[in-house]
Structure formats: structure tokens, C-alpha cells
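K.L.:
Sequence:
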Amino acid sequence: MNSKEAAVLCRYVRAACPQQKFDEYTADAWYDILAPYNFDDARQAAARIAHRQPFVAPSEIAAEISKIRSERTHDFVYEPPTGDRDPNYLERYRQQLAATGDGARPPVIAKELPKRPVAELLGAVGRQVPAADVSTVRRPGPLGVECPACRAAIGRPCRMAGGRERAPHEAREHAVHGREHDPAAEEQRRKNASRHLTEETNA
Numbered sequence: 001m002n003s004k005e006a007a008v009l010c011r012y013v014r015a016a017c018p019q020q021k022f023d024e025y026t027a028d029a030w031y032d033i034l035a036p037y038n039f040d041d042a043r044q045a046a047a048r049i050a051h052r053q054p055f056v057a058p059s060e061i062a063a064e065i066s067k068i069r070s071e072r073t074h075d076f077v078y079e080p081p082t083g084d085r086d087p088n089y090l091e092r093y094r095q096q097l098a099a100t101g102d103g104a105r106p107p108v109i110a111k112e113l114p115k116r117p118v119a120e121l122l123g124a125v126g127r128q129v130p131a132a133d134v135s136t137v138r139r140p141g142p143l144g145v146e147c148p149a150c151r152a153a154i155g156r157p158c159r160m161a162g163g164r165e166r167a168p169h170e171a172r173e174h175a176v177h178g179r180e181h182d183p184a185a186e187e188q189r190r191k192n193a194s195r196h197l198t199e200e201t202n203a
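When you line the sequence shown up against this note's numbering, it's residues 1 to 203, in that order.
Since the hints were derived computationally from the structure, they do not count as laboratory data. Wrong hints could be hidden among the right ones.
[To be verified] Calculated cross-link-like contacts (lysine to any residue; reagent style SDA-like; alpha-carbon spacing at most 25 Å):
| # | residue 1 | residue 2 |
| --- | --- | --- |
| 1 | K4 | A16 |
| 2 | K21 | D40 |
| 3 | K191 | H174 |
| 4 | K4 | R43 |
| 5 | K4 | D102 |
These numbers were taken from a predicted model, which means no experiment stands behind them.
Can you make the complete structure from the sequences, with help from the hints?
P.N.:
Next comes the structure, spelled out in C-alpha cells:
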């Protein structure tokens with residue numbers, strides 16, 4: 001607000017509050033207090049105050065302006081630019097928030113998710129998932145394929161003969177990478193590992 005706008009604001013308040021006294025120095029004093037504020041916001045604030053009381057003080061106008069700006073930004077939603085990244089997020093956020101508070105930018109209302117009938121949402125409760133749907137599930141690593149050794153299904157861990165879970169079989173590791181599995185070589189490695197463990201235990 002500049003000095004001329006402060007003088008206009010004083011005349012406006014004087015017209016709204018005829019009992020309030022003003023002199024040639026009032027506009028200068030109000031300008032010193034209200035210079036940081038927008039003239040339109042100050043006039044709106046003065047009108048609100050004058051509607052409920054016969055006198056208007058510049059400090060009350062400043063407080064009312066804060067309320068007005070808070071009302072405008074109550075539902076403020078940041079509107080990001082197109083793309084996945086926003087390197088100037090903080091600066092852009094402050095600009096949008098200030099513009100919304102000034103009334104120069106309408107607030108962006110968060111979009112609501114489309115509502116679906118309750119009957120439609122509950123219709124799938126308890127429904128068994130078809131086998132065709134399960135077969136399309138893929139997971140990274142060995143669990144993404146069926147185990148050739150123990151026949152563990154996709155997404156399920158491998159199991160030992162007694163039913164306990166175990167690390168993926170070597171055959172499954174080979175299958176997920178598209179390599180051919182050699183059962184004889186795996187059996188030999190298992191025997192070598194067992195013999196090595198026995199030797200360390202007896203040492």
C-alpha cells in the first residue's frame with residue numbers, strides 16, 4: 001500500500017464510521033502501519049470490522065487481513081509442474097501460496113476419488129481369485145518361477161522334505177536366469193560341503 005492508497009483507505013473508514021475522528025496526520029500514521037499490506041485486502045478488512053463495531057483501528061485491519069489470507073489459503077493445494085521432478089519446488093510453492101493469499105490465484109482443490117457404490121465394493125469380498133489371475137503374478141528373483149526341484153509355486157518359498165521352508169533350490173536359481181540345471185553336479189557339491197563340514201567338526 002502506498003501513501004495515496006492509505007489516504008483513500010482513511011476516507012473510506014471515515015465514511016463507514018462517521019463518529020471516528022481523523023485529521024491531516026491520520027493517513028500518514030496509517031500508512032506507516034499498513035504499508036506492507038495490499039490495499040484491496042485492507043479495504044475488505046476495514047469493511048468487515050466496520051460491520052461489527054463503530055470504530056476501526058489500523059492494528060485491527062492488519063489482524064483482519066491475516067484472517068482473510070488464512071481463509072483463502074485454508075484449502076491450498078500445491079500444483080506441481082508437468083513431469084516427475086520439481087527442482088524449484090520451494091520457490092514455486094511460496095509463489096503459489098502468496099498468489100492464493102493475495103486472491104490473484106484461485107485455490108487448487110484436491111480432486112476426490114471417484115465414488116463407487118457400496119454394493120460394487122462388497123461384491124468382490126470372499127470371491128476366490130481365478131487360477132489364471134494368479135499365474136500372471138511375477139516376482140523378482142528365484143520366487144518369480146516355479147521351483148523344478150520341490151515344485152514350489154510362483155511366489156512361494158522352497159521347502160525341504162519335512163515341509164520346512166528353505167533357501168531357493170539351486171535348480172530354481174538356474175531357472176530364473178535361464179540356465180540349464182545339472183542335478184548330478186548339485187549332488188556332488190552337496191556331498192563335498194557335507195564332507196567339509198564333517199572334517200571341520202572332527203578337527
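K.L.:
None of the hints should be skipped; say for each whether it holds.
P.N.:
Okay, the hints, checked on the actual structure:
Of the supplied pair hints, the one linking K4 and A16 holds, its CA atoms being roughly 19 Å apart against a limit of 25 Å. Proposed proximity of K21 and D40 is supported: the alpha carbons are some 23 Å apart, at most 25 Å. With a CA separation close to 19 Å, the supplied pair K191 and H174 stays within the 25 Å bound. For the hint pairing K4 with R43, the CA-to-CA distance comes to about 13 Å; that is within 25 Å, so the pair holds.
The straight-line distance between the Cα atoms of K4 and D102 is roughly 20 Å, inside the 25 Å bound, and the hint therefore holds.
In summary, the structure agrees with every hint in the numbered list given earlier.
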